[in-house]
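Novice: Residue numbers (the numbering used here), protein chains in the order written: chain A, 36 to 147; chain B, 175 to 288.
If you are wondering where the hints come from, they were derived from the structure by calculation, not from laboratory data.
It is possible that part of the hints are untrue.
When the alpha-carbon atoms are kept at most 27 Å apart in a straight line, the in silico DSS-like pairs for lysine-lysine are as follows [what the hints assert, rightly or not]:
| id | chain 1 | residue 1 | chain 2 | residue 2 |
| --- | --- | --- | --- | --- |
| 1 | A | Lys-146 | B | Lys-212 |
| 2 | A | Lys-106 | A | Lys-92 |
| 3 | A | Lys-106 | B | Lys-191 |
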Amino acid sequence: KNQVEQSPQSLIILEGKNCTLQCNYTVSPFSNLRWYKQDTGRGPVSLTIMTFSENTKSNGRYTATLDADTKQSSLHITASQLSDSASYICVVSSYNNNDMRFGAGTRLTVKP
Amino acid sequence: DAMVIQNPRYQVTQFGKPVTLSCSQTLNHNVMYWYQQKSSQAPKLLFHYYDKDFNNEADTPDNFQSRRPNTSFCFLDIRSPGLGDAAMYLCATSSPGGSTDTQYFGPGTRLTVL
Numbered sequence: 036k037n038q039v040e041q042s043p044q045s046l047i048i049l050e051g052k053n054c055t056l057q058c059n060y061t062v063s064p065f066s067n068l069r070w071y072k073q074d075t076g077r078g079p080v081s082l083t084i085m086t087f088s089e090n091t092k093s094n095g096r097y098t099a100t101l102d103a104d105t106k107q108s109s110l111h112i113t114a115s116q117l118s119d120s121a122s123y124i125c126v127v128s129s130y131n132n133n134d135m136r137f138g139a140g141t142r143l144t145v146k147p
Numbered sequence: 175d176a177m178v179i180q181n182p183r184y185q186v187t188q189f190g191k192p193v194t195l196s197c198s199q200t201l202n203h204n205v206m207y208w209y210q211q212k213s214s215q216a217p218k219l220l221f222h223y224y225d226k227d228f229n230n231e232a233d234t235p236d237n238f239q240s241r242r243p244n245t246s247f248c249f250l251d252i253r254s255p256g257l258g259d260a261a262m263y264l265c266a267t268s269s270p271g272g273s274t275d276t277q278y279f280g281p282g283t284r285l286t287v288l
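Next up, chain A with everything else stripped away, as it sits in the complex:
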């Protein structure tokens, strides 16, 4: 059973617009949540990582939020660029950091 659910599955936006991607999880006990960006045909690249006590973290135009009570996270992309077109993957880890659950990802397409 997949314990990390991402939505939407895919998203198309115009260049310059903002968007928000969602991640809901049931992984327990919770250790940390990461967002990765994966370009087509490449390995994932880490964007943010948050622990239980953190509720927001930014990396340039990317801002991740975490609500550990409701077990929800979001990734907000501001002023999107064509290079933001990629899959965004949410990964939730349990206390044993080798137990990581991957979401299926959101495929984002930014159009000019």
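Following the hints, position chain B against chain A.
Specialist: Okay, now just chain B, sitting in the frame of chain A:
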């Protein structure tokens, strides 16, 4: 600057012909992982090494084996590739030192099975 290196980037093999994918790292990380990722799906963990300790996922087929001769290198051996094994294979590393260590991924090897 490459920290996790995978070779080759693209590999073509024939049905049933053994193939080995390689991964090396310059980060001196304790943990190395192998993932299989099929199109439009999340990466699926096959196994990982914590130093020399090998940890196999319960649903990883016996067809997949791994070797880690030293800290820097890790290999994925597919003994008899089937058509269903065509996928991107991702290597990753991490160095557990708390709850916020990052996992670093290689660029992946795209395996085609003819």
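Novice: Hints first: check each against the structure and report whether it holds.
Specialist: Now for the hints, and whether the structure bears them out:
| no. | hint | verdict |
| --- | --- | --- |
| 1 | A:Lys-146 - B:Lys-212 | holds (25 Å) |
| 2 | A:Lys-106 - A:Lys-92 | holds (16 Å) |
| 3 | A:Lys-106 - B:Lys-191 | violated (45 Å) |
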